Amino acid sequence: MQSIAIDDLKLAEALLAGERRLLEMVATGEPLADVLHALCNIAEATGSGVHCSILLIDSDAKFHFGAGPSVPPGYAKAVEDVPVMPEVGPCGMAASLKRQVVVDDLVADPRWQPLPWHAAAVKFGLRSACSTPILARSGEVLGTFAMYYEQPGSPSPIDQTIIQQFTHIASIAIERAQREAALKRSEAFLAEAQRLSSTGSFLWRVSTGEMTWSEETYRIFEFEPETRVTLELISSRYHPDDLPLFYEWVGRASREARDLEAEPRLRMGDGSIKYVHTLAHATRNERGELEYIGAVQDVTERRRSEDALNKVRSELAHVARVTTLGALTASIAHEVNQPLSGIVTNASTSLRMLADDPPNIEGARETARRTIRDANRASEVIARLRALFGKKALAMECVDLNEAIREVVALAASEFQRDRVAIRSELATDLPSTQGDRVQLQQVVLNLLRNARDAMADSDAGPRQVVIKTACDDGGVRLTVIDSGVGIDSLDRLFDAFYTTKSNGMGIGLWVSRSIIESHRGRIWAERNDGPGTTFGLWLPRVECSSQS
Amino acid sequence: MLISVVDDDESVRESLPDLLRELGFEAEAFASAEEFLESRALSVTGCLVLDVAMPGMSGIALQRELRNRESEIPIVFITAYSDEATRPTLCLTKPFSDQALLDAVSLALERR
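Residue numbers (the working numbering), protein chains in the order written: chain R, 1 to 549; chain W, 1 to 112.
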């Protein structure tokens, strides 16, 4: 039916060149639509009055337009989403029957006349058609390759050769595109899974030092994607304390194939620490070279929760330990025994003075007075213990911290004057109000002031001055008490119960202060001064108070 | 006979010397081990009544320091911590009676 305008040799050469070009396009990963379009162009160039189309079949068994450079207008739209069934046309029939369907006279063939596309095709000048299924290697139908001719008749043997070769190339191109799409989906799925689980993967070829990282591994290490990964680069992220382990493992891993599981720390650019659970499995590639395939998981959050949990546990254990009767009575005994000792000594002295001949009345009176003072001291200790263990509920009210401080300073003035310690107040004028138990907060302030005074009791460095400051800070109010005293070596245990740096302290004051501040949703801390002494700070959240409170 | 009392607790420094004087001794009080070491009392003290726990140099450290200096001043320790009284040395747990103090000082002086 086709008048061959070029001789067989020329045709064969042209086809060969065309095939080569198509395969090249497939190999270089050009888009499927471009490859199929080119395929149709080449096929159409083998003769005049030839029009090609390629339809693709998706998983829902529906047609989608693949290519058709010279098909009638509206064709692409008309085939879209048409179900793959024999009744819809030659392509539907070819795909359904998995064999070539030839329509040698499109105008006369009664099978297609009632269909809407038929009139359009005839009007366009098409007179015969041949549709061939494009089969995957598995036998599954990927689509159809149709050639329409402007003359009635059947494909010639040359046409059949072209059809056979081009459906084969189309099959390769479609299968490859499908595999790539599947791979991309799988990669995207994997990347998403890695991101969700904060797990990255890596491959390390020991002999060449070549290192391949997944996107998530880059994200965990906080390196730009595509950065060339070397052992030096990795070591630059390692926490200095964990570096020896890193070098040891790298050394051992290069000598012998050995699996690894570790949880080193990384130190990021901003100084933050990450814990990465690392697993590496030793394997050999096809050339027998040692490779490690592994996963790194960012477990920082998990570690943080574990640490917090451990801290709570150890604090609980500590509380349990110190509140056992032995530890408690030892502390209480010490506090009570001091004034009791004074009472017994003074009373004994007093008695002896009265028994003197003549009786030392004035001396006895003085020692009796001291006896009373010591007894009062003992009762104060008991009162403090009762306050401590009484667990009164908080009496929450609106508190002007500055005012509360002024009251405490006035109260403590005489006692501080006696010890020649000056209190300098630097109270912020625009301090917002806070909410709390005024008396308890004042206890904390007094406690901090007294600690500051005690810290300077033996200090001869400069004037003895305690500075108490308030300021707005971070959505709340901050109070600092600064002394220039002897300083404290170990700040970490300061707020523990029964820990004291004073010879006659119980180690209760800061512990109670912390529990008061924490019950106010605040924080309390201590830090060393640049110069001598220590600064104690506390922070309370700002609370808007209604005017009646 | 001079008895030196070393205790950081002011009330002890007030009351103990008075009692010791009533018991027939001369008595002087010091607020710290360092203060005692620097005083002239060091060379003339017949017996030391010494608090175990003090800021700065503790009573135990003062005892060690005196041994290093080959001083043979007998020591009666006093402490408010009951468990420290189990030390194998002369040690009174506060509060103690005047008789106990007298016995301890006498014993310390005899041992010299």
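Treat the hints with care, since some could be wrong.
To be verified - A few chain R residues that face chain W, going by a derived Cβ cut-off under 7 Å, partial list only:
#, residue
1, 242
2, 348
3, 352
What the hints assert, rightly or not - DEER-style ranges, computed between Cβ atoms:
#, chain 1, residue 1, chain 2, residue 2, range
4, W, 39, R, 304, 25 to 31 Å
5, R, 375, W, 1, 28 to 34 Å
6, W, 67, R, 358, 57 to 63 Å
7, W, 1, R, 351, 21 to 27 Å
8, R, 541, W, 56, 36 to 42 Å
9, W, 61, R, 281, 57 to 63 Å
10, R, 417, W, 110, 33 to 39 Å
11, R, 351, W, 61, 56 to 62 Å
Hints are computed from structural coordinates only; laboratory data are not their basis. What you are looking at is a predicted structure, and each value in this text was computed from that prediction instead of being measured. Every residue gets a Cβ at the ideal spot worked out from N, C-alpha and C, and that includes glycine.
Checked hints:
no. : hint                      : in the structure
1   : 242                       : violated (41 Å)
2   : 348                       : holds (4 Å)
3   : 352                       : holds (4 Å)
4   : 39/W - 304/R: 25 to 31 Å  : violated (57 Å)
5   : 375/R - 1/W: 28 to 34 Å   : holds (31 Å)
6   : 67/W - 358/R: 57 to 63 Å  : violated (44 Å)
7   : 1/W - 351/R: 21 to 27 Å   : holds (22 Å)
8   : 541/R - 56/W: 36 to 42 Å  : holds (41 Å)
9   : 61/W - 281/R: 57 to 63 Å  : holds (60 Å)
10  : 417/R - 110/W: 33 to 39 Å : violated (48 Å)
11  : 351/R - 61/W: 56 to 62 Å  : violated (35 Å)
Of the numbered hints listed earlier, those contradicted by the structure are 1, 4, 6, 10 and 11.
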